[in-house]
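Asks: If you want the building blocks of each chain, they are given just below.
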Amino acid sequence: MLEIKKLNVAVEDKTILHEIELTLPLGELHVLLGPNGSGKSSLLATIMGLPPFQIVSGEILFDGAPIQELDLHARARLGIGLAYQRPPSLEGVSVRSFAAALDAAGRLEPEAQALDLADFLDRDMNVGFSGGEIKRWEVLKLVLQDPRLLLFDEPESGVDLEHVIAVGDAIARVVRKPDMRGRTCSGLVITHTGMILNHVKADRAHILREGRILHSGDPNALFAHIQTGGYTIPAA
Amino acid sequence: MAGTLASALRVDLSNEERDILHDVGFDDVAERAATGVLVDSEMRFAVSNDPGVEILPLKDALKTYDFVQDLMFGLASPDANEHIALVAERMHDPLGHFIWVKPGAKVRLPVQSFTLLEMPQGRQFTHDITLIDEGAEVDMVSGSAVPSSVHKGRHISIGECYMRRGASCNAVTIEHWGTGMDVYSYGYSQMEEGAQSNSTALMMAPVAHHTSRSTLTLGADTTCVSQAIVFAAKGTERVIATETHLNGAGARSEDLARMVSAGGTIRNDAHLVGNVAGSNGFLGCDGLKLTDEGAITAIPALEAIAEGAMLSHEASVGMIDNDKLHYLMAAGMDEDAARNLIVQGFLTLDNAAIPAGLKRRVVAFIAEAKTGGM
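Residue numbers (the working numbering), protein chains in the order written: chain S, 1 to 236; chain W, 1 to 374.
Rather than coming from a laboratory, the hints here were simulated on the basis of the structure.
This one's a predicted model, so the numbers in the text were calculated from it and none came from an experiment.
It is possible that part of the hints are untrue.
What the hints assert, rightly or not - Chain W stretches covered by chain S per the calculated footprint, using a threshold of three residues with CB under 8 Å from any CB of chain S: (1) 322-336; (2) 341-347.
What the hints assert, rightly or not - Away from chain W, derived, C-beta distances all over 10 Å, residues of chain S: (3) Asn-8; (4) Val-11; (5) Gly-64; (6) Ile-67; (7) Ala-101; (8) Asp-119; (9) Thr-184; (10) Leu-197; (11) Ile-226; (12) Ala-236.
Ideal placement from N, C-alpha and C gives every residue a C-beta, glycine not left out.
Full structure from sequences and hints, please.
Replies: Structure below.
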């Protein structure tokens with residue numbers, strides 16, 4: 001579904017991602033592990049097409065077609081969606097009016113109930129939401145958007161333990177089930193604590209450090225290695 | 001009783017006139033406690049269905065009740081400026097309405113009053129007086145409009161509103177003037193002890209120039225929340241000036257303005273004066289620019305005359321935040337839809353006490369105006 005080939009990304013004149021190679025097959029859920037500042041969020045923002053990230057060279061293929069020339073909206077319409085780590089507050093824009101703008105008003109109430117957000121429908125988006133509420137809202141936002149490639153930027157940060165389980169389970173659920181047109185989805189989830197690993201049931205993990213993918217492998221084995229050896233390449 | 005159904009001024013409005021006024025809040029006369037409609041230079045309609053409300057053409061009210069002459073220019077000085085002087089000079093035939101909500105009346109249905117300018121290049125000078133008597137409670141809807149064929153003309157109005165002790169009023173005002181018109185409106189209000197007011201003004205439709213000046217004095221233990229939703233398309237110039245005097249202990253005011261420029265200019269001068277200890281006032285002016293053209297100027301001024309007057313303000317003017325725009329676009333909206341949603345959110349009515357049945361129309365009015373549909 002997603003193939004990233006020799007991708008170099010810069011912000012202004014500084015290259016921040018180097019020669020990224022990553023393949024996310026259809027139906028799989030991968031996690032990105034790495035220390036703060038390693039480039040994980042930048043990579044997700046680049047896939048989504050958010051500024052200020054500029055592709056210097058390389059390719060991003062979605063369903064086999066290059067998307068790096070497409071703007072943000074076009075990528076979203078293709079079926080790419082991003083759950084933000086720190087979304088902006090939209091005063092005056094209620095969850096309900098957002099859903100209506102996405103033509104998803106009919107699905108809002110049952111989906112919100114499933115994420116324990118039934119009381120949020122008339123609240124303004126991200127205004128006064130707690131850390132956990134933001135994360136659950138970002139999952140709900142993707143459910144309403146109904147993308148096929150779901151990107152999650154640190155969905156467990158700022159979330160209490162009880163809700164890490166809920167958020168992790170919700171991520172697994174939305175990635176593992178087909179979209180509204182019955183198409184198989186894939187997911188890419190950033191975590192630097194690994195707390196969410198037990199719940200999302202990832203297929204593969206990638207270590208990103210200093211803007212480069214150091215290693216890819218089994219998620220549980222890689223996380224066990226990181227806990228003792230840090231974000232390094234495990235011994236063969 | 002003057003102003004009741006038996007002696008009401010009732011010249012039927014045409015269907016076209018009703019449609020025009022509907023857009024600025026007009027509703028079936030039977031669904032309103034009282035209705036007043038002024039067309040060009042005559043009062044065409046003044047009907048009350050509620051014994052607690054009287055509505056009369058001002059010239060009739062002056063002859064009927066001797067106290068009305070004391071209310072007229074009781075708050076506004078006839079020589080306050082050249083426009084008010086122009087209206088004052090027409091005292092031989094004053095044009096406008098007098099609305100009296102009787103002492104203790106709890107008026108269930110809203111009172112509605114409208115001004116229509118049908119004559120192209122018309123010159124309209126009006127003077128309205130509203131008296132909400134002691135302990136009375138009322139909702140009011142007022143609007144101004146022109147047919148779509150009228151785009152040039154001039155309208156100057158004076159409004160004087162007296163709220164007696166313990167009176168309560170929720171008011172909505174909607175204006176829809178012609179694109180090439182010059183409009184000057186001057187409002188004066190006096191709130192006596194314990195009175196409460198919650199008002200919303202929508203100034204959205206294109207107009208060449210509109211100056212709106214209001215002066216408000218608050219007595220002890222009064223509460224006044226006023227909210228202005230302002231839009232300026234390219235070619236529109238708006239000047240909004242408010243002056244609020246907190247004259248009694250326990251007086252509390254919130255003066256909020258949300259302004260959007262789509263190429264037009266808006267200047268908002270808000271002046272809050274705390275004359276006594278124990279009074280409390282807040283000014284909030286927020287502006288959003290949609291293009292590089294046009295300008296929004298927000299000038300909040302606080303003046304604490306007495307020690308212990310608590311005054312504060314917040315003001316912001318800026319373009320649409322790109323982070324918000326990108327956030328919505330990343331969810332699948334195109335740029336126009338994302339901008340639309342952000343502007344709609346910015347103009348959302350906070351705590352507005354709008355009569356039942358009108359809120360949806362008000363929201364639709366805002367949406368239509370900001371997308372250039374009027």
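Asks: Please go over all the hints and tell whether each is borne out by the structure.
Replies: The hints, checked one at a time:
no.	hint	result
1	322-336	holds (count 13)
2	341-347	holds (count 6)
3	Asn-8	holds, 22 Å
4	Val-11	holds, 15 Å
5	Gly-64	holds, 21 Å
6	Ile-67	holds, 13 Å
7	Ala-101	violated, 5 Å
8	Asp-119	holds, 19 Å
9	Thr-184	holds, 19 Å
10	Leu-197	holds, 25 Å
11	Ile-226	holds, 30 Å
12	Ala-236	holds, 40 Å
Of the numbered hints listed earlier, the single one contradicted by the structure is hint 7.
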